[in-house]
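J.: In case you want the letters, here they are:
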Amino acid sequence: MAVHVDRYLRLHKMPHIWCPGCGNGIVLGALVRAVAELGCSRDEVVVITGIGCSARTNAIIDFNTFQTTHGRALSFATGFKLARPEMKVVVVTGDGDGLAIGGNHLIHSARRNIDITTILINNSIYGMTGGQHSPLTPAGSYATTAPYGTLEPVFDACRLVEGAGATYVARGTAYHVVLLQRLIARAISHKGFAFVEAVSQCPVGFGRRNKMRTPSEMMRWQKDHAVTVKAAAGMSREQLRGKILIGEFVNRNLPELTEVYGRLIREAQSRPGGE
Amino acid sequence: MMQGNEACVEGAIAAGVRFFAGYPISPATEIAELMAEKLPRVGGAFIQMEDEIASMAAVIGASIGGVKSLTATSGPGFTLKQENLGYAAMVEIPCVIVNVQRGGPSTGMPTLPAQMDVMQSRWGTHGDHPVVVLCPSTVYECYVLTIKAVNIAEMLRVPVIVLSDAIVGHIREKVVLPDPGEIEIVERKKPLVPPEGYLPYRADEDGVPPFITYGKGYRYHITSNNYDEGGFPATNDHKVAHALINRLHAKIEKRRSEIIVTEEYMLDDAEVVIFAYGCTARSAYSAVETAREQGIRAGIIKALTLWPFPREVFRKLGGRVRTVIVPEMNMGQLVVEVEAALKDNPARVVPLNRVDGKMITPGQILDLVKEVI
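As they're listed, the protein sequences go chains L and F. No gaps in the numbering here: position 65 of the first sequence is 65 in the working numbering, and each next residue is one more. No gaps in the numbering here: position 35 of the second sequence is 1035 in the working numbering, and each next residue is one more.
None of these hints come from the bench; they were simulated from the model. Possibly wrong hints are sitting among the right ones.
Here are the simulated lysine-lysine pairs, BS3-like style, with alpha carbons at most 27 Å apart [claimed, not checked]:
hint: 1; chain 1: F; residue 1: K1174; chain 2: F; residue 2: K1038
hint: 2; chain 1: F; residue 1: K1216; chain 2: L; residue 2: K191
hint: 3; chain 1: F; residue 1: K1190; chain 2: L; residue 2: K13
hint: 4; chain 1: F; residue 1: K1254; chain 2: F; residue 2: K1189
hint: 5; chain 1: F; residue 1: K1239; chain 2: F; residue 2: K1216
hint: 6; chain 1: F; residue 1: K1370; chain 2: F; residue 2: K1316
hint: 7; chain 1: F; residue 1: K1239; chain 2: L; residue 2: K13
hint: 8; chain 1: F; residue 1: K1254; chain 2: F; residue 2: K1174
hint: 9; chain 1: L; residue 1: K230; chain 2: L; residue 2: K211
hint: 10; chain 1: F; residue 1: K1343; chain 2: F; residue 2: K1358
hint: 11; chain 1: L; residue 1: K13; chain 2: F; residue 2: K1216
hint: 12; chain 1: F; residue 1: K1216; chain 2: F; residue 2: K1254
Keep in mind it's a predicted model, so treat the numbers as computed, not measured.
Between the sequences and the hints, there should be enough to build the whole structure, so can you do that?
T.: Laid out in structure tokens, this is it:
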């Protein structure tokens, strides 16, 4: 479906601050097209961010938007959603914002199965501050705070939130943008905590220190290393080594927090002493 | 009969609070427990978050959602809340934080009283931020000051702190609460312009911008970076920063007379004045009554508003007062402000400090009164 993306942008806030070749704009485009595809009005969507390059997504999109403190977007979103269950709440975060400083909030938001869609832009680095290693910087890669290469292993954010209780979990990439848009649309329509990891590229903060100087090299890496969940089913462990799985991992229906709480309120109010 | 923490809950609900997010911590936990029970009955929501940081964030998120919101904590939790308390001050989101003080520093004496967070309540978060701090010394004051805190938060779009303590929070007293019809309830100011003309941070003359929640046709942006009237980042704009930080402070300064509450007792002929607040004020009253029985001219200034500091009240003292005693369950935090307020007055300022988790007794205060007279 062709979408006039401009309708959803605050064009007077352009240009954006991202570096040339950054994948954030592609993810933002996928989000906006997904919302359009679902036919949501701009007034019913709230986009909440934290700190970092990912956080700069919402100032330029014409929804209800607020940027919060580092890593805490999901906690602000939790309060907002409980106050306004009828609104569609989307959190855009990054691998540093969402998994390091905000890791605790992520696992508990997933556990609660609160109806919030989280898009985690994974560019493997702290971009805003100039290229420090994050929990998703692959071991052995170089970063300004890992001049001899990172020593720490990464974890799989999708498996983490699945284990914590998320009821929709998927991964796309900036290269596979049509798939990414479809996954985000499904995540937004899903009732419950939905998580989409968007593997993206940071040519300035990550690529140029790790032998991928141009954005196209980084996107080619995404193309060459991504394997769909369906294709992976027929591949051996050896064949899957070093690959990233893309597609839908989890899609299940379980009681959602604001719905359950709404029932509690109705019951409490019908008892003696309730208003 | 009601407990101080319980009175905070009753006051909050009477003031229209319909959201609470918290985290278990002594000696404030009763507030969360009672909120969990009572809020759903009045159509509100309670959530126990994964930590103190998240609970402060959730409270602000709910307030952005248009619901009056409150949280409660004690020293160590208050420290963790400072990050997002600063956010609320910067982006002007109404919210109330009850801090039932306990002995510190660090985890200190979790169940024993102290008044060690007076400065943290004013300066705990980074940056030059505005904040209002109210301080109850009785169960009844827990009720009325929580209502006042909610009202000021909504009126001025600021975080307001109710600085209680383990004694005031846990004591049980007989209280007669006002009729619901007698309670003044303040609602946040709504914009008078249509969505296309709305600038979320264009303030009225009182320095407070009208505030409307999302989903009502008014789409806008909030950022904690230095922002312009449109609510968008202006991180390197010196002129915008100057105007913003000054406005944030001026909106409180302009309303000092509405915010500041003090109580005076036996001041007319007093030669010794005790400046007291919180649980310590209880001992001060007892000490002054005994002193008067013994013919000693002692009086009291009780502060129910700590920040902005009620410096005006000291102007009433004139030249008759020789000594001002400042009893505090800390190493001397507000005494510095008292000295500043009395800089043109020859009265001597004498601190009385106790930091062992025990209340300053009336006897201690009386002994000092006799010593300085």
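J.: Could you run down the list of hints and mark each one as holding or not?
T.: Now for the hints, and whether the structure bears them out:
1. F/K1174 x F/K1038: This hinted pair holds, its Cα atoms lying about 21 Å apart.
2. F/K1216 x L/K191: holds, 23 Å
3. F/K1190 x L/K13: The hint holds at about 26 Å.
4. F/K1254 x F/K1189: holds, 17 Å
5. F/K1239 x F/K1216: Violated. F/K1239 to F/K1216 sits at ~32 Å, over the 27 Å cutoff.
6. F/K1370 x F/K1316: Judged against 27 Å, a Cα distance of about 23 Å means the pair holds.
7. F/K1239 x L/K13: Measuring from Cα to Cα gives roughly 19 Å; hence the hint holds.
8. F/K1254 x F/K1174: Violated, at about 36 Å.
9. L/K230 x L/K211: violated, 30 Å
10. F/K1343 x F/K1358: Violated, at about 31 Å.
11. L/K13 x F/K1216: holds, 22 Å
12. F/K1216 x F/K1254: violated, 30 Å
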